[in-house]
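Q: Sequence order for the protein chains is A, B, C and D.
Each residue of the first sequence is one higher than the one before, starting from 393 at the first, in my numbering.
Each residue of the second sequence is one higher than the one before, starting from 699 at the first, in my numbering.
Each residue of the third sequence is one higher than the one before, starting from 72 at the first, in my numbering.
Each residue of the fourth sequence is one higher than the one before, starting from 443 at the first, in my numbering.
What the hints contain is simulated information worked out from the structure, not anything from laboratory work.
Computed from a prediction, not measured in an experiment: that's the story for all the values here.
Take these hints with a grain of salt, some might be off.
[As the list claims (entries may be wrong)] Ranges between beta-carbon positions, derived for each pair:
(1) B/A819 with C/G209: 28 to 38 Å
(2) C/D218 with A/G557: 49 to 59 Å
(3) C/F217 with A/R572: 29 to 39 Å
(4) C/L210 with A/Q554: 38 to 48 Å
(5) D/K739 with A/V616: 20 to 30 Å
(6) D/S610 with A/G613: 25 to 35 Å
Every residue, glycine too, gets a C-beta built ideally from N, C-alpha and C.
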Amino acid sequence: MMVSQSELVKEARENGMDLLPLDKDTYELFFGPQHMATENFSIILKMDGHRVVKAIANPGFLHRGFEKLAELRPWHTNIALLLRICVPEPDVPEAIYSMAVDEIIGWELPERAQWIRTTVLEMARVSAYLFWIMGLSFKLGVYTAGQWAAAYRERLMALFEQLTGARVYHIYTIPGGVRRDIPNDAWLRRLRDTVEYIKGKLPDFDHLVFENYITFRRMEGIGVMDKKFALAEGVTGPNIRATGVPYDVRRADPYLLYPELDFEIPVLEDGDALARALVRRYELEQDLYILEQLLEMGPPDGPYKVQDPKLKNLPRFKVPAGDAFAHVESTKGDFGAYVVSDGRNKPYRVQIRGPSIAHGIRVLEQLLVGARIADVPVILMSLDNCPPDIDR
Amino acid sequence: MVDWRLFEPLFDFARRKSLWIVAFCTGCGGIEMPPLMTSRYDLERFGMMPNPAPRMADLFLITGYVTPKTLKRIIITYEMQPDPKYVMAHGSCPLNGGIYWDAYNAIKHLDRYLPVDVIIAGCMPRPEAVMDGINKIMEMIENGTADGWKRYKENYEYYKKNQDELFGEGWREREARRWIPWLMNRKKEE
Amino acid sequence: MREQAIIDGILTEAPYAEGKVRRERRVEFKVPADRIRDFLKLLREKGFELMLQITVVDWPKDGEYELVYQMWSIEHRTHAMVRTRIPRELDKARMPTVRDIYPVAETYERDAHDFFGVYFEGNEKMEMPWILDDTEQGLFPYRKDFDMLAYVKKKYMILDRFDENKDNYVI
Amino acid sequence: MVVVVETALKAVLILLYATFVGFMFMGIIRIVTARIHRRVGPPIYQPILDTIKLLSKKSNITHGLIYDFGIIYALGATILALMFIPLGSIGILRMYGDLILITFLLEIPMLGIMFAAMSSGNPWAGLGSQRALLTLLAIQVPLGFAIVALAESYGTFSTYQIVMAQQSMGWSIIHLPLLLAAVAYDLVLQAMFGKEPFDIMIAPGEISLGPMVEFGGKHMGILQIQHAIALFAETLFFSNIFLGGAVITSFASPVLNTLASLGVLLIKQIAVLMIAIFMGAIFPRFTIDQAARFYWKWPTIIAATGAILAAL
């Protein structure tokens, strides 16, 4: 029995089979969430051969409604919740939330607490950069560099564990200081050793990844953005510094001990994936340098959290009505928190501003147009897109 | 014909010693996967490796909390895996919601929607705990109690009912069509 | 003071707005909702290039949503909050979009629409699926009157008990 | 009759040996890579366990005749190629082992896998096949020049005669033209092994294994066996034509001679493998157009220089 083509098409339509192809010469490709290059983040690509014609970012796989949950939990309990927003460097959400609460209450942090918070933030930055090197080299195919970077990160994890008691989710920075003191001087010595060790290993990464001919070929001229585009799209962090804007929250809006520290802000002009990668590479060096300075300075004497009777009775801990915005420089960019209090023992509203909400949606969608399928993971990784930031 | 049942112990040994993992980071536990794969913990000693293709994979690691949007993909990916397949859930979130017990967008009981073989306690579980869970699943394969894939077949109505209750009927088709209008060139369509 | 000078410079051109200095590097403006586009255009000209976020705060007591546009100026190294208030009722919670002034606002507006139901007129992607799944769309979970526990118990079947007729969930 | 049985027996023995050693090679690749990563790595027999596991999967997904046939086609072509390559003093069809024929047969399996992958309809498989085809196209040029260099230099296309000639005049790579050809061929080998920088075809971080994405269960198991044999055959071919092969006649007993030549060949094969592993460990992956441009540039120039020098 012969069936005409139109009948077949009709039958297929009725059974919902007309999904592919979209147009005559394009097809749709679901890039993620089950994919090595995306961490539970999906990009829907309209492809023409191996070129991307249109990209739509589809976030929301990690959405848990943090901002609602934070309204239902006491001020200090929220620390254990909000740090889950940024998995590679969970100290950043802790720090911004604590800084915002400190500002509403009007606490001046003791110097020791400031030193510890700065050190923890810098350690988080180093570990996040190592994690990023791992991600980048896995996507480029230099598995050796990635494996080594993840192994060096373990040393920092061990230090975090000694300091806070946890490997990944530290729940360490609390409003009014930190949760507990530095264990002993041996920890400081170990931190110094680790910084020296990682510093000594940086040339390895240079040889394998950042000075590699093929890396240059792969990343040069891919995903180019210029200054104007970057500013309009709210790009922050290393991504905007790769376009020639020297914007670093640590300098522009100094917090904690950063005014006293000496460090450079690496700025490149090109704005392509390679420039973004190199800016991150230089920043890793600067972060190690900052850690060295902090160790040189040594933790000041004094209490490690604010001496306030309020902190004695945490369940009844109340914050006066008011609001505050605090932001820090994370490895991904400008990480901000806006906290509103109405005087009760729970926050009225907490809004976390992850940098990836700017990088991962509109910027990504526009940079991907015209890219080859092989460039998609590279662009994704060079933007250092962190899906939980977007989804919250 | 050869009676392949004779070789079942050998097959079970091979299944135990060569668990390939689906590369699908479903939650925060995914951040402990790189340390597990690298020199500190090195899961490849046990023959495990991440695999990008679900068709070849045996072990599904649900690394942390599951949102309904992810659960749809998890179910589809799980159904793509060939039998014998095993599911291991990380942390307390897939078990009972954990810290997200009152969150409107996190699954509270994963075993309503998928058969889970092993659940590792902790938030988030340390790599050692994950390795302990893997040991457990290896033991279970050896004595034949890791039968989640059988249960999924036998009780498919139950699982399907729960899935449909959560997502609404016909969610697979809806999900497949969802992005078409946004990908289409609208001018052409009109 | 540097901050006061910035505020004065802006307020002379925008007499409809109020401004005050919060602290060093933090300023705040209050703008009526219908002038928000003019004001943000002015802010952009005055060097506030980065839009960091649009925060919506729900105030059921006043029956209003407070929209806070978080801006950052690289030139002045100053953070500015632009506050505006709109009615809270879903059909009246409408704002003009600022996506042509700050393109990134498109994403933030989609976010606000998904969680609060604020409709930004002129944003093409308003109806596009965003973070929330089909079943939660139209729920606006971040509103203060959203009873999360009841919703969760019903959706994920964590039931305490049934009522006597066995058809209602009693929570 | 006896000859037929003996030949069949020999073929089966060669096949078993090749499969076993191929699996060991896969294990060696994984272990050495792990050691470079500063890990312990899996046991050396891990690929065998993987294959057994894949073959013992209880459900199989098939997408039709071509899908099943492509895999068998790949396996068959690889076995056929193996039979033509001289393995020391044994080898069934070694007398007919023509350079061009073997090169061709070693590339055929990729085509079979592509048939199967395309018929699955998975877009990743489609993309991967597109890449595999382009890689296949790109490696032809340097490969052709390398073979021309060999043929010019030895005056024959027969692999067996090339091996024999090397016994008297030394390994191929000590002559400059053939050294150039060997370098070009080794770069091509990197693509045939699917190691970086030319693992463009499978690229797990980009197109999630490409053509392999849809294979599971028994299909993948057969592909693993095919991969093992192909690994053996490719290294064997390289050691035969460039590294002198092995024809050992110093022992009185023919069995000892065979074993010794197998041992010598094994060492040479592992050397070839190690070069590939080390190269793979330090390079990122090219994109497909860059790889094609690379193959049409440097290896082609090197191999062509070799061919011209050989002809002079």
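Q: Each hint needs a verdict: does it hold in this structure or not?
A: Status of the hints after comparison with the structure:
no. : hint                           : in the structure
1   : B/A819 with C/G209: 28 to 38 Å : 37 Å, holds
2   : C/D218 with A/G557: 49 to 59 Å : 36 Å, violated
3   : C/F217 with A/R572: 29 to 39 Å : 37 Å, holds
4   : C/L210 with A/Q554: 38 to 48 Å : 44 Å, holds
5   : D/K739 with A/V616: 20 to 30 Å : 26 Å, holds
6   : D/S610 with A/G613: 25 to 35 Å : 53 Å, violated
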